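Student: In case you want the letters, here they are:
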Amino acid sequence: MIFEEFNPSEDKMLKIIDNDGRVVRPDLFPEISDDTIVEAYKAMLFERVADEMAVSFQRQGRMFTYPPNKGQEAIHIAAGNVIRENDWLVPAFREVGLMLAKGVTMKEIFLYYNGNEQGSNFKNAPRVLPINVPIGTQLPHAVGIGYSIKYRKKEDVVFTYIGDGGTSEGDFSEALNFAGVWQVPVIFTIQNNQYAISVPVSTQTNSVNLAVKSVAFGIPGIKVDGNDFFAMYLVYQKASEHARTGKGPVLIEALTYRCGAHTTSDDPSRYRTKEEEAEWELSDPLFRLKKFMEHKGIWKENEEKLREKYKKEVEQQFLDAENFTPYSLEDVFDYMYVEMPDDLKKQKEEYQQFLAWKGNRK
Amino acid sequence: MTMVQAINNALDIKLAEDGNVVVYGEDVGVVGGVFRVTEGLQKKYGAERVFDSPLAESAIVGTGVGMALSGLRPVVEMQFDGFSYPAFNQVISNVSRMHNRSRGRFRIPMVIRFPYGGGINAIEHHSESPEALYSHIPGLKVIAPSTPHDAKGLLISAIESDDPVIFMEPKRIYRAIKQEVSTDKFTIPIGKAKVLTEGTDVTVVAFGAMIRECQRAMVMAKEAGISVELIDLRTIYPIDRETIRVSLQKTGRLVVVAEAQRSFSVGSELIAIANEEAFLHLEAPPRRVMGFDTIIPLAQGEKYFMITPERIFYEIEKTVKF
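Chains as they are written, first to last, in the numbering used here: chain G, 1 to 362; chain W, 1001 to 1322.
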């Protein structure tokens, strides 16, 4: 069992392919069809194209602040291949590829980052929670959903996400502790992308790694090469099997790198070197998976053509978001309560009187 | 100086002058904060005095309590208004109470700084105005400056205060206003409002980023022949009753401007003060030009929520014409 072999206390890491896409642990290679591999690569490519375009829309002044996902696609798409329709996703804010796999659309993502709450009203993803900005606060929600699942004797699993910085928050420890006590079907993934904005992991913790934090809470934990699609695929298969069969939660540390800025408002050159970035580029998850497919002779697509196709799709989604129904006064008031208090109705009316006055003035 | 530079200058002066001052928070050290307010300070004073903390607001404030009661003067940063809440338990249960609880044995000379307010097209939790939440807690002082000059003088006073201070920085005007500010040390007393413009028809009370909006509204008021007295609260608690009383006895009319949600707010408190201090002088019901009792909308909806000069003028005119 991988959770025993890759003991986080000994700082072991699960890795199946190397940076050149060669299999280093054939004994652990997951059962996965060639078609699934090719489709997974395409999904990773789509996420990357969409992400690059999001950054460029922001640069063009057509969208507000956006947190790039570049470099973390293997984690998202591996989970996307394992997560089932009835499973829940409780995201932080850097899991775009997985949100797409669960049925969220880029249009919704764009709408959200363009400052419209309708972008959190996922039409085709009822079991995906909104993007969660206050760091770590989503983890207890995941545990609560896990409790509901257990209470109703269902076999669903909750996938939830946090960054390396988030592991310093109280909610991280409190959620893991509850999950351990309640033995709920929750898979916690720490996307350890090395930085919390400017602050490196070494400032967050003196622990040997982040997976080892599971030990104190009595739940299985494992450190995985997060840029290795097959390692992530295997760990999600094993973890979901574990959680789905009533064995309780799992903590996964996915070691990766935030290739882009924290958000489009951030400038990484102020706190990390070009050399470090170049070093991590060698383990780029898309590059590695592509190499693997080339070695195996299963990649027959024209990547440039695919990119063009995805660009057009993303562009259309963005235009749909731009052309979304204009934000109205109702959007400010109508979702505050199921039943709007009279006082709030009055505030809305007063504002409408002001608008009327303003209209007459011109 | 911009307000960012003025606050940086205040921290610089206190770090140089007082070896007990330490500055920390998320991203505060190496990059100098997400708004660069603490830029260059780690280089100048070392990582023992200006540093990045782990990402944990509750522990940032909680460790500040320990430092403060053992002789240091921590100035901690909450990265954003909406990220200050994980530390709320420490603030309400310990920061504000330790002095009283220990019957004066321990003092908590700490400052909790954070950028606040909307109008910058930010994502959720980055646009909040929680001054009422903090002002409601006994044992704290709450400050919100409106200019670079005031920010500097008030922050130095805050760091020198032996009581804990919540220092709210209007991020919307962090760089929008430039002003001549002396690089020498000076202080501005906590608890004193300032009459920015004298007038006779109506008293407008505001603070932080809303001062600039009020000044724009006053141009419209002037055209309409209305004489406005503008008061910058500067310190929200302890609130300067005296300045408000004197003004209301003269004008008899009150309009409060703030971007926070209206109910149970600083606006509510000011109207209570108007009733308590100047009831017989009032000639019109006091009014609040404030945010709706809703969550501040994301960027596309901010245009409805944020207080505009036009809306302030609308309420001023209503009050004067009552």
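Hint data in this document are derived by calculation from the structure and do not stem from the laboratory.
Note that the structure is a prediction, hence the values are computed from the model and not measured.
Just so you know, not all the hints are guaranteed correct.
[Claimed, not checked] Stretch-level coverage of chain W by chain G, calculated; a stretch enters the list once three of its residues show a Cβ under 8 Å from a Cβ in chain G:
1) 1037-1045
2) 1082-1091
3) 1127-1135
4) 1290-1297
[Said to hold, decoys possible] Residues from chain W that keep clear of chain G, each with C-beta distances beyond 10 Å, as calculated:
5) V1034
6) P1189
7) V1219
8) R1262
9) Q1300
10) K1303
[Said to hold, decoys possible] Below, a list of computed lysine-lysine pairs in the BS3-like style, where the Cα atoms sit at most 27 Å apart:
11) W:K1303 with G:K345
12) W:K1318 with G:K345
13) G:K348 with W:K1194
14) G:K290 with G:K238
Using N, Cα and C, we set each Cβ at its ideal position, and we do this for glycine too.
Student: Are the hints correct? Go through all of them and say.
Tutor: Consistency of the hints with the structure:
Requiring three or more residues with a Cβ within less than 8 Å of a Cβ of chain G, the coverage given for the region 1037-1045 of chain W is violated, as only 0 such residues are present. Residue count for the region 1082-1091 of chain W with a Cβ under 8 Å from a Cβ of chain G: 4. That meets the three needed, and the coverage hint holds. A count of 0 residues in the region 1127-1135 of chain W with a Cβ less than 8 Å from any Cβ of chain G is obtained; the coverage claim is therefore unmet, three being the minimum. Coverage of the region 1290-1297 of chain W by chain G holds [criterion: at least 3 residues with CB-CB distance below 8 Å; count 5].
At roughly 7 Å, the least C-beta separation between V1034 of chain W and chain G is not larger than 10 Å, which violates its mark as non-interface. Even its closest Cβ contact with chain G, about 35 Å, leaves P1189 of chain W beyond 10 Å, as expected for a residue assigned away from the interface. Residue-level check passed: V1219 of chain W sits 15 Å from the nearest beta carbon of chain G, beyond 10 Å. The Cβ of R1262 of chain W does not lie farther than 10 Å from every Cβ of chain G; its closest approach is about 7 Å, which violates its non-interface assignment.
For Q1300 of chain W, the requirement that its beta carbon stay farther than 10 Å from each beta carbon of chain G is not met, with the minimum near 4 Å. With a closest Cβ-Cβ approach of about 8 Å to chain G, K1303 of chain W is found to fall inside the 10 Å limit, against its non-interface label. Only pairs whose Cα atoms come within 27 Å are accepted, and K1303 of chain W paired with K345 of chain G is accepted, the gap being roughly 19 Å. A hinted pair counts as satisfied when its Cα atoms are at most 27 Å apart, and K1318 of chain W with K345 of chain G qualifies at roughly 21 Å.
As the CA atoms of K348 of chain G and K1194 of chain W are separated by approximately 33 Å, the hinted pair breaks the 27 Å bound. Of the supplied pair hints, the one linking K290 of chain G and K238 of chain G holds, its CA atoms being roughly 24 Å apart against a limit of 27 Å.
The earlier numbered hints that this structure contradicts are 1, 3, 5, 8, 9, 10 and 13.
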